[in-house]
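*Asks:* Sequence:
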Amino acid sequence: MLWMCVLPVPASHLFFLVSFRLKFVFGPCALQALDLVDQHSVTCVLSPSGRKAFQVMGGSGRLYTCFVSCHYCPCPAFAYTVLRRNEGPLCKHILAVYLCQAMGGTLQESVSDQQMSLLLSGTEA
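Take the sequence shown: its letters are residues -19 to -1, 1 to 106, numbered as in mature numbering (1 follows the signal peptide of the UniProt record, and there is no 0).
Possibly wrong hints are sitting among the right ones.
Said to hold, decoys possible - Quick list of simulated restraints, FRET-style, between CB atoms: (1) Arg66 x Gln95: 18 to 24 Å; (2) Gly103 x Asp16: 21 to 27 Å; (3) Ser98 x Glu68: 32 to 38 Å; (4) Arg66 x Pro29: 35 to 41 Å; (5) Ser102 x Ala60: 25 to 31 Å; (6) Lys33 x Pro9: 14 to 20 Å; (7) Glu68 x Thr104: 16 to 22 Å; (8) Pro9 x Gly31: 32 to 38 Å; (9) Leu88 x Gly31: 26 to 32 Å; (10) Pro55 x Ala83: 31 to 37 Å; (11) Ser93 x Arg43: 19 to 25 Å; (12) Leu44 x Met84: 19 to 25 Å; (13) Val49 x Leu99: 16 to 22 Å.
Note that these hints are calculated values from the structure, not bench results. The structure displayed is predicted, hence computed values, not measured ones. Every residue, glycine too, gets a C-beta built ideally from N, C-alpha and C.
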């Protein structure tokens, strides 16, 4: 029988281990995504009909509407790195959404169905 001893890990070491593993898997966008999470830049937008989208305030100050259900972000990095060059699975905005969901740190905003339709069509600023 094999026994494992689990020692308590200080928070600073835990953050280092997690960030190192994320960077290993997702590349340089991992640390940028963690920064977005730390800045509370991710908002889950919900409508009464159950539609859901995520808005992420990018480092440039631009708001990106990400769709996790179809794994899409309108940012230039997603278009170039993920879609065109196929160099990574996602951009920092989508990774920030996934991290916020996993950590329960997503801000929530309720909008009407009409507002959600405008948001999904890309006509709402």
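*Asks:* If you check each hint against the structure, which ones fail?
*Replies:* 1, 5, 6, 7, 9 and 10
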